[in-house]
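K.L.:
Let chain W serve as the given structure and place chain C on it in line with the hints.
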Amino acid sequence: MSGKAMNLTLRIWRQDDAEDSGRFETHEAIDVSPDMSFLEMLDVVNEGIIADGNEPIAFDSDCREGICGTCSMVINGVPHGGQQGTTACQLHMRQFSDSDTITIEPWRATAFPVQRDLIVDRSSFDRIQQAGGFISVRTGSVPDANATPVPKEDSDLAMDAAQCIGCGACVAACKNASAMLFVAAKVSHLSLVPQGQPERERRALSMVQQMDDEGFGNCTVTGSCEAVCPKEISLDFITRMNREYGRAILKKSCS
Amino acid sequence: MSLAHNIFNTSLGRKYLMALTGAGLFGFVVMHMLGNLTIFAGPAAINEYAAKLHSLGPLLWVARIGLLVMAAIHIWAAVKLSSENKKARQVRYEGAVEPVDVHRKNQIVSRYASRTMIYSGLIIAAFAFYHLAHFTWKVPQINGVVADFEEFYVHEEDAGENQVAFETPLPEGKGEEGKNAVDVYRMVKTGFGVWWVSVFYVVAVGLLCVHLSHGLSAMFQSLGFKTKSTEKLINRFACTASWLLFIGYVSVPLAVLFGFVK
Chain W
1 MSGKAMNLTL
11 RIWRQDDAED
21 SGRFETHEAI
31 DVSPDMSFLE
41 MLDVVNEGII
51 ADGNEPIAFD
61 SDCREGICGT
71 CSMVINGVPH
81 GGQQGTTACQ
91 LHMRQFSDSD
101 TITIEPWRAT
111 AFPVQRDLIV
121 DRSSFDRIQQ
131 AGGFISVRTG
141 SVPDANATPV
151 PKEDSDLAMD
161 AAQCIGCGAC
171 VAACKNASAM
181 LFVAAKVSHL
191 SLVPQGQPER
201 ERRALSMVQQ
211 MDDEGFGNCT
221 VTGSCEAVCP
231 KEISLDFITR
241 MNREYGRAIL
251 KKSCS
Chain C
1001 MSLAHNIFNT
1011 SLGRKYLMAL
1021 TGAGLFGFVV
1031 MHMLGNLTIF
1041 AGPAAINEYA
1051 AKLHSLGPLL
1061 WVARIGLLVM
1071 AAIHIWAAVK
1081 LSSENKKARQ
1091 VRYEGAVEPV
1101 DVHRKNQIVS
1111 RYASRTMIYS
1121 GLIIAAFAFY
1131 HLAHFTWKVP
1141 QINGVVADFE
1151 EFYVHEEDAG
1161 ENQVAFETPL
1171 PEGKGEEGKN
1181 AVDVYRMVKT
1191 GFGVWWVSVF
1201 YVVAVGLLCV
1211 HLSHGLSAMF
1221 QSLGFKTKST
1231 EKLINRFACT
1241 ASWLLFIGYV
1251 SVPLAVLFGF
1261 VK
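Residue numbers (our numbering), protein chains in the order written: chain W, 1 to 255; chain C, 1001 to 1262.
Just chain W, same shape as in the assembly:
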């Protein structure tokens, strides 16, 4: 059931290291099967580049099944390529047509410095997570059913937020390179379940503080983060984070 093979022109960002100023390079992708994933297509192009004795294109990838959040590239100006709820590794070449020119760039954000070609350093996300996106004590193994009642609505919402894979597409898409959707998902997720309550205020305050310190921009509610999110995290979580933060500063200053 394979379709007709395609020939594509790729304009790819090449950058030797973090200090290099970088440039666009053009590569031809010949005989691309429409059933290939975008990353498989890049693998094939890389084999050709290696055969020619040149440096292959460096890009991040890991699970290649859309759950690890490692692949990160802006394809034709859209993070992960623009297919709804899909990471770049799950994007298939059937989304493109023969003789297309595809522009591939790394995430662009001051807080995500480019390391090489399409690879950016996303440890700013790790530091935000380390600032409070966890529960400090062990909460034990799976409890008996109904031992800790959690309303269905809350657990559903918490699961929606927990879907975030921290890929950084929200930052890449935002005109202000704001990390609010990521932080909102992480703040909301634990604030909705009983285990997250003791550290609820501290979590909101320190994660927001860390986000600011990393040099991300601010939210102007354009909604582009939500549109490109491979896990379809809703913009409503940013509203929830705003509420959580307000609640935290009121509680902290009144106690």
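Just so you know, the hints here were simulated from the structure itself, not pulled from any lab data. Where hints are given, some of them may not hold.
[Said to hold, decoys possible] Not close to chain C: a few residues of chain W, all C-beta gaps over 12 Å, as computed: (1) SER33; (2) ALA51; (3) ALA58; (4) ILE67; (5) ALA158; (6) GLU199.
[As the list claims (entries may be wrong)] Straight line, CA to CA, 20 Å or less: simulated DMTMM-like cross-link-like pairs of lysine to aspartate or glutamate: (7) LYS1232/C - ASP31/W; (8) LYS1087/C - GLU19/W; (9) LYS231/W - ASP62/W.
Just so it is clear, CB atoms sit at the ideal spot from N, CA and C, and this is done for glycine as well.
P.N.:
Positioned in the frame of chain W, the structure of chain C alone reads:
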């Protein structure tokens, strides 16, 4: 981490400040428009309204300083936030001209108003300064007519019936600031009689309403009240309020220019 730090030095805190001061300034803009509309009830109504405002004394100064502080915080936070936004992405994408709009397949959320808030805001601030110089400080050089608004005081024939706070009607000759009632009606009529003053006014009010069409909705987001279920209602409120304000404000210079204000 003190309360002041959490409000003034963080991104979310500054967004709260933007929303709260914005709400306060919106309140002023609404009251100001309602005051303006008294002109359609005749010279006595608007002059009486002005005399009552002026007779508030210290309260008036509390309101003025409050407004000034709110405007200062609003502008400070806006400049700070947008400079952070600029710094957060220094290299732009080549692949798309305006990625913000392309991403949105079903509906374009990022409207023109939301992307130009800082520009519309700064122009409005410049206009507000001119408007104060024009009608409050009454700088004669910028009003475009020979008359000096400083000399516009209420005379017997225009005076209302219940002007308690000031010595009116004025028998004849010049009045005195803070003692006699100012003839706001004649000032507005003369002021807006100059076409370019009115055009500037209409443009600035238009920008104000564009600014509010986004601001009135975004403030609910910043304060954590806007969700998918309330979004439609909030957006409709923002749009309706902006149009009503525009019509209310613009009606005054238009009425003057087209001779409805005698």
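K.L.:
Failing hints, ascending?
P.N.:
Going through the list in order, the structure violates hint 7 alone and respects the others.
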